[in-house]
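Undergrad: Let the sequences and hints guide you as you build the complete structure.
Residue numbers (my numbering), protein chains in the order written: chain A, 67 to 528; chain B, 16 to 426.
By construction, these hints were calculated from the structure, which means they are not laboratory data.
Among these hints, one or two may not hold up.
When the alpha-carbon atoms are kept at most 30 Å apart in a straight line, the in silico DSS-like pairs for lysine-lysine are as follows [said to hold, decoys possible]:
no.: 1; chain 1: A; residue 1: K465; chain 2: B; residue 2: K143
no.: 2; chain 1: B; residue 1: K36; chain 2: A; residue 2: K465
no.: 3; chain 1: A; residue 1: K130; chain 2: A; residue 2: K117
no.: 4; chain 1: A; residue 1: K522; chain 2: B; residue 2: K21
no.: 5; chain 1: B; residue 1: K82; chain 2: A; residue 2: K399
no.: 6; chain 1: B; residue 1: K82; chain 2: A; residue 2: K363
no.: 7; chain 1: A; residue 1: K429; chain 2: A; residue 2: K522
no.: 8; chain 1: A; residue 1: K431; chain 2: B; residue 2: K21
no.: 9; chain 1: A; residue 1: K363; chain 2: B; residue 2: K143
no.: 10; chain 1: B; residue 1: K143; chain 2: A; residue 2: K429
no.: 11; chain 1: A; residue 1: K431; chain 2: B; residue 2: K143
no.: 12; chain 1: B; residue 1: K200; chain 2: A; residue 2: K522
no.: 13; chain 1: B; residue 1: K200; chain 2: A; residue 2: K429
no.: 14; chain 1: B; residue 1: K207; chain 2: B; residue 2: K82
no.: 15; chain 1: B; residue 1: K143; chain 2: B; residue 2: K21
no.: 16; chain 1: B; residue 1: K36; chain 2: B; residue 2: K143
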Amino acid sequence: MSSFDLIVIGAGPGGYVCAFRAAQLGLKVALIDKRATLGGTCLNVGCIPSKALLHSSEQFVFAKGHAAAHGIKLGSVELDLPALLKKKNDVVAKLTAGVAQLAKARKITVVTGSAAFTAANTVAVTPASGAAQTLTAKNIVIATGSAPVELPFLKFNGTSVVSSDDAISFNAVPKKLVVVGGGAIGLELGSVWSRLGADVTVVEFLPKIVANYDDDIVRNFTRLLQKQGLKIEVNAKVTGYANGVLTAEREGKKLEFPADTVLVAVGRRPYTDGLGLDKAGVQLDEKKRIKVDAHLKTTAPGVWAIGDVVAGPMLAHKAEEDGVAVAEWIAGKAGHINWDLVPGIVYTDPEVAGVGLGEDAAKAKGIAVNVGRFNFAANGRAIAADATDGYVKIIADAKTDKILGAQILGRGAGELISEVVTHMEYGGSAEDLGRTIHAHPTMSEAVKEAGLAVSKSAIHAL
Amino acid sequence: MPFEVKIPPMGESINSGVLAKWYVQDGDVVKKDQPLFELETDKITTEGTAETAGRVSLLVAAGTEVKIGAVVAKIDESNTATVGSPLAGAPVAPTSPQSAIANPQSPSVRRLAAETGINPATVTGTGKAGRVTKGDMLEASSGKSAPVGSPLAGAPTPPPTPTTSASPVSAIPNPKSPSERQTRKKLSPLRKRIAERLVQAQHEAAMLTTFNEVDMSAVIALRKKYQDDFVKKHGVKLGFMSFFTKAVVAALRDVPALNAQFAGDEIIQNNYFDIGVAVSTDRGLMVPVLRDCDQQSMAGIEQSLADLAKRAREGKITLPDLEGGVFTITNGGIFGSMLSTPILNAPQAGILGLHAINERPVVVDGQIVIRPMMYLALSYDHRLVDGREAVTFLVKAKQVIEDPARLLIGA
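TA: Okay, structure coming up:
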C-alpha cells in the first residue's frame with residue numbers, strides 16, 4: 067500500500083491544479099484519473115477541443131465570407147474536415163502532454179485507473195487491465211467532475227443522438243443538426259457545425275437561450291446568431307426523436323425538426339459513479355452533488371470535494387480556484403476563493419461574458435443600480451476589426467458606485483470581462499474602471515467607456 | 016525567525032479592537048520602542064510600539080478588527096528582506112494575503128480624498144484586505160462630496176453663492192443640496208460603546224434625579240485668597256473640582272447607599288472613594304478615575320485631574336485609568352448648562368451633575384442679595400438609594416461647598 071499526504075481523484079482542471087498546488091507546498095501527492103491523458107473533460111473533450119474547433123471554423127467563415135471585403139482574394143475555399151479535426155487533436159495532445167510533463171516535474175505520482183473508496187482515507191485504483199492497487203492518504207480530494215445529462219426519451223447512441231463528447235469529433239459535417247439546449251455548450255458546438263455547413267436548429271425549453279444573462283443581451287445575441295444562420299426555437303419542450311425527426315411541443319402544439327444528428331446539451335450532472343462514497347462516509351445533497359462546507363470539506367473527515375461535483379457553476383476556472391484553495395487549506399495556509407465573482411463565458415462569435423449581478427437580477431432583488439452601456443460600434447478598434455456587434459454593460463450600485471456586475475456581448479468578450487472581475491475583487495467602483503488608463507485603440511476601451519457611462523460621462527457616446 | 020508584533024492584552028473586558036492606523040509602512044526599518052500603530056478599543060485608544068528593531072512587514076490593513084494577541088506585523092531583526100515567493104515553495108513564513116498596506120488607493124478614492132480633504136487612512140475600508148473603496152469614502156464624506164450619480168460632473172468646489180442683490184427672490188442665501196441635508200458617518204467603537212452603556216443604564220437602573228442649588232461664594236472667595244500660594248506651592252491651579260470631589264467624599268461617607276452597586280441579587284458596598292470625572296474629548300466622553308479621594312489632598316486631586324484630562328484629550332488614557340470608579344461627577348457647567356439630568360455610569364449608584372455658576376438674586380437672612388449660584392443634580396439608582404438618602408447626600412454636598420470649613424472639622 068502506497069501512502070501519500072494527498073490523493074486527488076480526477077485530473078481535470080480542478081484536480082490537477084489542486085495536485086500541482088499541493089506539490090508546490092511540499093506535499094507528497096498522488097493524482098488518479100481514468101483517462102490515460104490528464105486534463106479531464108476540459109482538456110480532452112470539453113473547453114479546449116471546442117475552442118480549437120471554434121477558432122478553426124471562424125477562420126473558415128472569414129475565408130469564405132469576409133476575406134474578399136478585406137482585399138484578400140482566395141479563389142475557391144473548401145473545408146478539409148480531417149485536417150481541421152487533426153488540428154484540434156494536436157491542440158489537445160499538446161496540452162495534455164504539457165500537463166503530464168508538469169506533473170512529472172512536480173514529482174506527482176500519476177495513477178491511471180478507476181478509483182473507489184474502501185475507507186475514508188483509502189482508495190483502490192483499478193486500471194483498465196492489470197491488478198488494482200491501494201493508496202492511502204490523510205487527505206483525499208474528490209475532483210471527478212461531471213458528465214453530460216442524458217434525457218430518458220433521448221438516449222445517447224453515439225451516432226445520431228450524441229453528447230458534446232462526440233460532437234467535437236463528427237467525421238462528417240451533419241446535414242441537419244438539432245441542438246437540444248441553448249446553453250454555452252449547445253450554442254458553441256451548434257456554431258461550429260453551422261459555420262462548417264450544417265443546417266443547425268437550437269431547441270430551448272426556456273423562453274430564452276443563455277438564460278442567466280440579461281434580457282437585452284440575450285435578445286441581441288439571439289438576433290446575431292440568427293443572422294449567422296442558426297435557427298433558434300425557444301419555449302420548446304423536446305419529446306423524442308424517431309425516423310429522422312425530433313419532436314417537441316410548444317403550448318400544446320406539436321413541433322417537428324428534421325435532423326440526421328441530435329446533440330443533447332441540456333446540462334451536466336455531478337459525476338460520482340462507482341466512487342464508493344458510502345464507504346468513506348461522504349454524503350450527497352438533494353441534487354446529487356457532494357455535500358461540502360464553506361471550506362469544501364465533505365461529511366467525511368479528511369475528504370474534500372471540488373469543482374463540478376460540488377455546488378456552484380460547473381466551470382473549469384471555478385474548479386481550479388477550488389483546487390488551489392483546498393490544497394492551501396490542507397497545507398495549513400490561508401486559501402482564498404470568491405464564489406461570487408466567477409465569470410461565465412459563451413465562446414460563440416460574438417462572445418457573451420458576464421460576472422456578478424446582472425441588471426435584471428439586480429432589479430429583481432430590488433437593488434438600486436446605475437447601468438453604463440457602451441456599444442462596440444463606437445469603438446475604433448472594433449470598427450477596424452469588423453467586430454462592431456454588441457456592447458459592454460457595467461452594473462453599479464446606485465449609492466456607492468461599486469461595480470456589482472458586468473455583461474459583455476462582443477468579439478473577445480471573454481478576454482474583456484477579466485479586468486472587470488479584477489476591479490470587483492478589489493471592491494472597485496465604476497468610476498475606478500473609468501479612471502483607469504486603457505490603451506488605444508483596443509476593444510477594452512469600450513469597458514472603460516461603459517464604466518464612465520454609469521455616471522453618464524462616456525466620452526465617445528451621447 | 017522574525018519577531019511577531021502582537022496586540023497587547025488590554026484588561027479583562029477587552030477582547031478585540033480596531034487597528035486604526037499604521038504609523039509605519041510595509042518594509043520600513045523601525046527602531047526599538049518606535050510607535051507602530053494606533054489601536055482603538057471600545058474603551059480607549061492606545062499605541063503599539065516596536066519591541067525590537069528591524070524591518071517591519073505589516074500583516075493587516077488599517078481599519079481591521081483585531082483580537083488581543085493577534086499577530087499584526089513581523090519584524091525581521093536581521094534587517095534583510097527575504098522576498099519569499101509562495102509559488103516557489105520557499106520555506107519562509109507565509110506572506111499573508113492581507114498584507115496590502117502600502118498599496119495605493121484606487122483612482123476614485125484619490126479623487127474623493129483630494130476633493131473632500133478626507134484622508135483615506137482614517138476611513139475604515141470594506142474592500143479586499145481592508146482597502147478603502149469609493150463607497151467607503153462617500154460614506155465618510157457624505158454630503159461633502161459630489162453626488163454619486165455624477166462623480167465626474169461634480170464640481171470640486173461649490174458654485175459661488177449669488178449676491179443678495181442678484182437674487183432678491185431667494186429667501187435662503189445658500190440652500191443646501193439634498194445630499195447636504197443629511198450626512199452619515201460610521202460609529203466609532205468608542206461612540207458605540209458610549210451609546211450601549213448609556214442605554215443600558217437607562218434600561219436597567221430605576222433612575223431618578225433630585226436637584227438642589229448651591230451658593231458658590233465661599234469657594235470662590237477661598238480660591239481667590241489662596242490661588243497664588245496654591246499655584247506656587249503645587250504647580251497647579253486650585254479649581255472647583257477638588258472642592259466638589261471632597262464634598263462628594265464627605266456626602267458618600269454620610270450616605271453609603273450611593274457608594275454601592277447592584278450585582279444580581281446582591282448589593283456590593285464599596286468602602287473606598289475612587290471618583291470618576293467625565294472628560295469631553297474629540298473622540299467622545301471618557302470618565303477617568305481619581306483614586307482614593309478620601310486620602311488625597313486638594314492639591315493631589317487637582318494634579319491627578321490635570322494629568323488625566325490632558326492624557327484623555329491626547330488619546331493616551333490607559334484602561335486602568337478608566338476602571339473601578341464608584342461615583343461620577345460630570346460638569347456640564349463648563350459648556351454653560353443651567354440644569355440637566357445626568358445618566359448613571361453603570362453600575363454606579365449615583366452621578367452628580369454640576370452646572371454653570373450664575374449670579375442670581377437669592378434671599379439670605381430676609382434680604383435679597385446677589386450670589387453666584389449653581390444648580391446641582393444628583394441622578395441615582397432608586398433600586399439602591401431611597402429618596403431620603405439621595406436628598407440627604409445632595410444637601411450634605413451643598414453644605415460642604417457653601418462652608419468648606421466643614422471639611423476641616425469633619426462636620
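Undergrad: Run every hint past the structure and note whether it holds.
TA: Here is what the structure says about each hint:
With a C-alpha separation of about 19 Å, the suggested pairing of A/K465 with B/K143 holds against the 30 Å cut-off. For the hint pairing B/K36 with A/K465, the CA-to-CA distance comes to about 27 Å; that is within 30 Å, so the pair holds. Only pairs whose Cα atoms come within 30 Å are accepted, and A/K130 paired with A/K117 is accepted, the gap being roughly 20 Å. For the suggested pair A/K522 and B/K21, the alpha carbons sit about 48 Å apart, so the restraint of at most 30 Å is broken.
Taking the CA atoms of B/K82 and A/K399, the gap is near 19 Å; set against the 30 Å cutoff, the hint holds. For the given pair, B/K82 sits about 26 Å from A/K363 by alpha-carbon distance, which is consistent with the 30 Å threshold. Proximity of A/K429 to A/K522 is assessed by CA-CA distance (about 20 Å); at most 30 Å being required, the pair is judged to hold. A C-alpha spacing of about 43 Å is found between A/K431 and B/K21, which places the hinted pair above 30 Å, so the restraint is violated.
Distance hint between A/K363 and B/K143 is fulfilled; the C-alpha atoms sit about 24 Å from each other, no more than 30 Å. A threshold of 30 Å between alpha carbons decides the hint, and for B/K143 with A/K429 the separation of about 26 Å falls inside it, so the pair holds. For the hint linking A/K431 to B/K143, the alpha-carbon distance of about 24 Å falls within 30 Å, and the restraint holds. Between the alpha carbons of B/K200 and A/K522 the distance comes to roughly 28 Å, so the proposed pair stays at or under 30 Å and holds.
For the hint pairing B/K200 with A/K429, the CA-to-CA distance comes to about 27 Å; that is within 30 Å, so the pair holds. Proximity of B/K207 to B/K82 is assessed by CA-CA distance (about 18 Å); at most 30 Å being required, the pair is judged to hold. Simply put, B/K143 and B/K21 have alpha-carbon atoms about 22 Å apart, close enough for the 30 Å limit, and the pair holds. Of the supplied pair hints, the one linking B/K36 and B/K143 holds, its CA atoms being roughly 17 Å apart against a limit of 30 Å.
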